[in-house]
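K.L.:
Chains A and B, in that order, are what the protein sequence lines are.
Residues in the first sequence are numbered from 1 upward in steps of one, following my numbering.
Residues in the second sequence are numbered from 1 upward in steps of one, following my numbering.
Hint data in this document are derived by calculation from the structure and do not stem from the laboratory.
Here the structure is a predicted model, which is why all the values come from computation and not from measurement.
We put the beta carbon where it would ideally sit given N, CA and C, even for glycine.
Each hint should be verified, as a subset may be incorrect.
Derived list of chain A stretches under chain B, where covered just means 3 residues or more per stretch with a C-beta under 8 Å from a C-beta of chain B [stated by the list, open to error]:
# : region
1 : 111 to 120
2 : 123 to 129
So the derived label-pair ranges between C-beta atoms look like this [unchecked claim]:
# : chain 1 : residue 1 : chain 2 : residue 2 : range
3 : B       : Glu1036   : A       : Arg74     : 48 to 58 Å
4 : A       : Ala144    : B       : Asp1228   : 50 to 60 Å
5 : A       : Ala144    : B       : Glu1126   : 20 to 30 Å
6 : A       : Ile2      : B       : Gln1229   : 21 to 31 Å
7 : B       : Leu1301   : A       : Arg60     : 26 to 36 Å
8 : B       : Leu1003   : A       : Arg60     : 46 to 56 Å
9 : B       : Val1186   : A       : Gln141    : 18 to 28 Å
Sample of chain B residues facing chain A (criterion: CB under 8 Å; computed from the structure) [as the list claims (entries may be wrong)]:
#  : residue
10 : Ala1120
11 : Val1122
12 : Ser1123
13 : Leu1195
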Amino acid sequence: MIRAEYRFHLPVPPEQGFDVLSDPTRDPEWQSACAHTRLLDGAVGAGCRYEIAFQILGRRLDFTVEITDFIPGRHSRFVTVEGPFRYVGSYHYHRRADGTTDVQWTFDVDPGDYFGILPEVLLKKVLINQVKKDSSSLSKQLAAAPPPS
Amino acid sequence: MEPLASTLVQTRAARVVPASSQQVGLWFIHQADPSCAAYHLLFAAEVVAGPEVGDRVREVLTDLVREHEALRVCFRPGQDGPVQYVEHAVPLDLRHRDARHLDPDALRRQVRADSRAPFDLTAAPLWRIHLYRTGEESWVVAFVAHHIAVDFWSLAMLLAEVRSRLNGTASLFPLDGSAFADHARNQSAYLASGAASGLLAAEAERLAEAPSSIDLCGDRPRPPVPSHEGGSVPFTLSPAVSDGVRVLARETASTRYMTLLAAYNVMLSRLSGQPEVLVGTPTSGRLQRRLRHALGNFVNTVVVRGHVDEASTYRELLAATRERVVAAMRGQELPFPWLVRMLAPQRDPSRTPLFQAGFAWDRLPFLANMGQFFLLEPDPSTAVTVAGARLRPYPVPQQEGQTDLWAEMGGERDGGYVGVLRYNTDIFTEGTARGLAATFVATVEALVGRPDVPMRQLSRCDRQQAAALDRWGHGPVRELPDTTLPALIRAQAGRTPDATALVADGEQWSYARLQRAVDAVAAAVRTAGAGPGACVAVLAERGAPLVAALLGVLEAGAAYVPLDPQLPAARLGYMAADSGARLLLTQERLRAHWPAEIPACRLDDVLADGAGLSGHGTVREPAAAGAHPAASTDLAYVLYTSGSTGRPKGVAVPHRALINLLLSMRAETGFSPSDGLLAVTTVSFDIAALELFLPLVAGGRVIMWDGAAADGAALAARIAESGATWIQATPTSWRMLRDAGWDGSPRLHVLCGGEELPAELADFLAPRVASLRNVYGPTETTVWSTAGVVRPSAGVDLGSPLANTQLLVLDGSGRRVEPGFPGELHIGGAGLADGYWRRQELTAERFVTGLPAAPDRRLYRTGDRVRWTSDGRLLYHGRLDSQVKLRGHRIELGEVEATFQAMDGVAAAVAVVRDDRLVAYLVAEPGVTLAPSALRTSAALTLPQYLVPNLVIILPELPRTANHKIDRSRLPAPSPETDVPFTQPRDAVEITLARVWGELLGLPQVSIHANFFELGGHSLLAVQLAAAVRAEWGRELPVSTLLTHGTIAELAAVIRRDEQDTVRGPLVTLRRGDTARRPLFLFHPFGGTIFCYLELAKHLPPGRAIHALEAPGLDRAGDAEVSVEEMATRYLAHLREAQPHGPYALGGWCFGGVIAFEAAGQLHALGEETDLIAAIDTRAPVPANVPEGADDATLLSWFARDLAVPFGTTLDVPAEELRSLGTDDAFDQILARAAAIGVLPGDSDRAQLLRYFEAYLANGIALQTYFPDPTALDLLLLRATDEPADHGPALGWEPLIRGSLEVVDVPGDHNSVMYPPHAATVAAAIAQWMGEHPR
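Isolated chain A (complex conformation) (with noise of 0.2 Å):
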């Protein structure tokens, strides 16, 4: 098992964030790896299966995800249903004085031999690093955005 954790802030409220991050329809948006998201059964919430492609390290991954916690503005967490591997994954929303996000990302997941030869400390690092970029981006993006109206 390997737990893959980061730290990462958002220039907008927990609401606004917890909308982008948490609705796995908007993962191609801001994660590169991601390469396509389809709801199975209805609106995004807790109970809510979708399915999701990665492209990572030069393979496509499918799997079949569960909603297990969806609390606007304060938590999201998702279970593999079915793929190649188990995840689970989930975001923390903490408000900052300044009405900013903080977000907590923690990623837990048993590979087993799927990345064969790659040892878990790179899978972890490849996992975090990932994330760190993207949310970089996404930070840079809500940034730039102009304020919802």
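Fit chain B to the given chain A structure using the hints.
P.N.:
Frame of chain A; chain B shown alone:
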């Protein structure tokens, strides 16, 4: 100064004429040193005259300038050197100064300074007149000309002409101011002629195998390039001696010049210690009639090859000198600079070519009544009147510093010849120069006075000099007690029985305990039947028992023979046998070293049996029964030193000599009962006697050091914690301590001896210790014969003689030599040894009596070349024989040579010391192949470590002189030969060690399996290596570790073993550079290692440091970075420690170019500049360049392949094979095969291979996920033209680079581009973009 007074004479364009060879020579000297005033000619006079004379002089000069082209020349660069420009209009350069306020000394200084003001050779005129107004109608006038334009003869003719014109009398001769213009052309044509070729051949033959230089024994170290600064001292021969010169010249059909030159040669021969001396002497160069009255520079210098054999008489020497001068004059038409070029003698830029001393004889017959004007000490009554003006000589030194020494004669005063000795102030003090001048006068007097007596029978010192030598060379006379060393110590023990005598092995021995131990040993020795007259070998480890044993032997009346257990068994056996030792006092644990066939007495038993050896107590009188105390004249010890015949020789030292040393040094040092001396020297080195016994005769403490002799750090620590107040060591040991970081101790008094104390070491030591004494003495005169406190500002000398010691500096004929002159140091007095043990012939050769300087005194010939300075300081000038001192050890090269010559297969052997290393050059017998390492090993079986050459070089034959003697000067520079083929380093630890070894050993590359000591390393360098390891890894490695882990591979394994616990940065210095210039940083390629830059670093232009950054994950599991951005950020943190601010020069091969690009971007974001990003065959980080995915086996196969590339080998492990093995077995397979072909260190394990693979994968991931935005940076892309994969003309960089994108094609494919031969081309391509780049 008043404005320049100038008068334009004509105005037309300049005429260009070639420059003569002599002028070209002077022009080059001026180019090298534009401030050089050594070639300024000068005439100066005090003048009393009315203003009308000045006007008239100006008119005359104006006319002369108009009439004579020679006065209007200057020199400018042409195609092949300078050419001469004849200007048609030049101003008179008259420089006025009102000097009425200057006192005479100040005026003289001003005139001297002005006369030395440099000329601009490109601007005519190259002469000027300085006018100093000293009164209403009085002046000092100085005419200064550059020798390139006129010679001394021309200057004199000009003076004569001016005088004639001012007086309105007819000219003495028709001055020719134009002939010079054809001179160079005529000279050039002549030099192309057969006549010149014939003369050249004759000169080549005449000067063949002449000494390349004469060492005139200066006071100061010769600078690498002469400064052309000098001084002048006058001298005078008495009228009687001058008459003698005239008579002798007449009788021998010689000239006075030849007569005095012969005497000058005698002086130079004595000064240099060489029979052959080359002397430069000027000739007028006016052989053709048309040049007789020409203005210009025609003078030429010829080289007279003198040979002085003091067995001959002066008359015989004079006859030979005449022949030699005539021979030299035959070649006078060959200009000296041309001759030097054609003969191409061995050059030393610190010396003038061919000769370093000159002798000139200048007579100006047409200026007879003005001869005094050219003397440095003219007759004060001299005055001449010219056109109503009254002129008196105003002597100003001139032409100083052209050579080391230059005697100029020809003038006379009051019937005696006078002269000036010019000397180079780079190397001579004025005092020495005055002494040399006085000696020359005395030499002429002695030679001329007894021309028919062999010169070696003539005395050399005048009374005044002899008195000074007596004063300086005699130590204080002190009465020596008629006693022995053990008696002195027993008396001390009686006075202070409970005081600490010895600190050793973690315990303290009181004097009483020591005395009881001594008595016990003495009793054992007597019981064994060894008493007075017998030798007892002492073989013991350093410690209190050793001291007790030595003293116990003496107490028994016998003499000890110290045996160092570190010496080879064969040598110990020889020493024991040769000394005839009747008994061996030793320790059980040294049984393996015991020489056979000598009864052994175990110290362990003797000291254990001795009742009451511990604790306090009283001191008894010596045992009466059977005791036969030694007399002061009895032998105290026999100490073996290196012997030239191949066997060590024993020096037999009596008690009296030892007592004299100890009491004299006690008085010299003031050693007191409160002092402690840290004894560091092996007992087989005679100076150990002082360390072990001086404290005991003074009631102080001996603190025994038992650590490794070469472990500077440990010794430094011991000095600090021991409380020692005195220590004696060789300069080598002090350098070792300094290199180990020791920074002195203000309570420590230092004795430094055993070899020459370098000034820089004295500079270091003196301010860091309580006192620094230089001590000197051979074993044969009992440890030290001189001592003196060193004051670095005054230079390092040998000090003064100890009590009851006499120092005599004698020449080969046994005469005392004059102060300033070198000779062999002879030592007499109470310190003399009895001689060499059982070597009567050798004793008679070295311990001599009946020498002319001291017929009744027994003296030891030291073989050391020394000289007294004019102020009574004794300076060391090396050895007169083949004995050398190396790192404090006395080495007879003959012993080393004899050892090798005795080996099978060796036809000839020569040993020399080069660059602080002992080097043996060997020639093999026909058909034999010699292996250097095996030969060293064989030598070590019989020779002590310090006599085993650091390098063994095999030559096809030894260079020989025409007389078939071995020409040591032509032995090739030692380059280490090793039987080990070159293997390059395999990781950063080895790379760094290889770089450090290369720097220490002066080698361009070092195989990781070559032994440090076989490559010329020695103990001192080992200390520096330890310091480098400490600086690089923060690890204290005992020097003993370096001795036992002698290769880079072995040492790296030791370092690696502990490196896992330390965090080391990724920066690896491939080459150190000039700190004033910015480094080049190279980032690792795919895989993270940096071997690929080793070859490149060799070829990049020198001067700039080259650092490489390797992937951190290679050393620590889990440390690999998976993003290019993170890598760059991390590397920049280290890079900026080496260079805090830009502009930066970055580069990298393959993936390294991508990191360099990202790093430059990050630096740019921080506001720093990067002026070079060199990407060597780096594909752009764009999606199109991302390779297809691969399975694990394929990745492993690629990994194995890439692992081997830097080593110029292949590791082809097919993916199919790995796929069938499974991951773990696949790793093991790669590990085994990589280690087998040497691409991984031998101590590599699976974990290391995994780290390498992790870094490899991490790099791959980083590359796959790095797609930067376009940037305004410039990029230099070196594209490997032979790479089959096509990635476009700029490898895809076009969309990323918005600055300049330079693509340079280099040969090779993607892998081979970094290795020979292509790396040199890549380096050359990068070099073009590197520039000077100061920090």
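K.L.:
Range first: 18 to 28 Å. Now tell me if the beta carbons of Val1186 (chain B) and Gln141 (chain A) are that far apart.
P.N.:
This hint holds: roughly 25 Å between Cβ atoms.
K.L.:
Range hint 50 to 60 Å: satisfied by the CB atoms of Ala144 (chain A) and Asp1228 (chain B)?
P.N.:
Holds, at about 53 Å.
K.L.:
Given Ser1123 (chain B) as an interface hint, is the shortest Cβ-Cβ distance to chain A below 8 Å?
P.N.:
Constraint on Ser1123 (chain B) satisfied, holds at 5 Å.
K.L.:
Would you settle whether the hint for Leu1195 (chain B) is holds or violated, based on the nearest Cβ-Cβ distance to chain A being less than 8 Å?
P.N.:
holds (7 Å)
K.L.:
Closer than 8 Å between Cβ atoms is the bar; does Ala1120 (chain B) clear it against chain A? Give me holds or violated.
P.N.:
holds (7 Å)
K.L.:
Between Leu1003 (chain B) and Arg60 (chain A), is the Cβ distance one that fits in 46 to 56 Å?
P.N.:
holds (55 Å)
K.L.:
With 20 to 30 Å as the target window, see if Ala144 (chain A) and Glu1126 (chain B) comply at their CB atoms.
P.N.:
Between Ala144 (chain A) and Glu1126 (chain B), where Cβ atoms are some 24 Å apart, the hint holds.
K.L.:
Please test the hint of 48 to 58 Å on the beta carbon pair from Glu1036 (chain B) and Arg74 (chain A).
P.N.:
holds (57 Å)
K.L.:
For the region 111 to 120 of chain A, does the count of residues with a C-beta closer than 8 Å to a C-beta of chain B reach 3?
P.N.:
Result for this restraint: holds, n = 4.
K.L.:
How does the Cβ-Cβ distance of Ile2 (chain A) and Gln1229 (chain B) compare with 21 to 31 Å: does it lie in that range?
P.N.:
At 28 Å between Cβs, range holds.
K.L.:
Within 26 to 36 Å or not, the Cβ separation of Leu1301 (chain B) and Arg60 (chain A)?
P.N.:
holds (35 Å)
K.L.:
Using Cβ atoms only, decide whether Val1122 (chain B) comes closer than 8 Å to chain A, and label the hint accordingly.
P.N.:
Given a least distance of 4 Å, the restraint on Val1122 (chain B) holds.
The structure meets every hint from the earlier list without exception.
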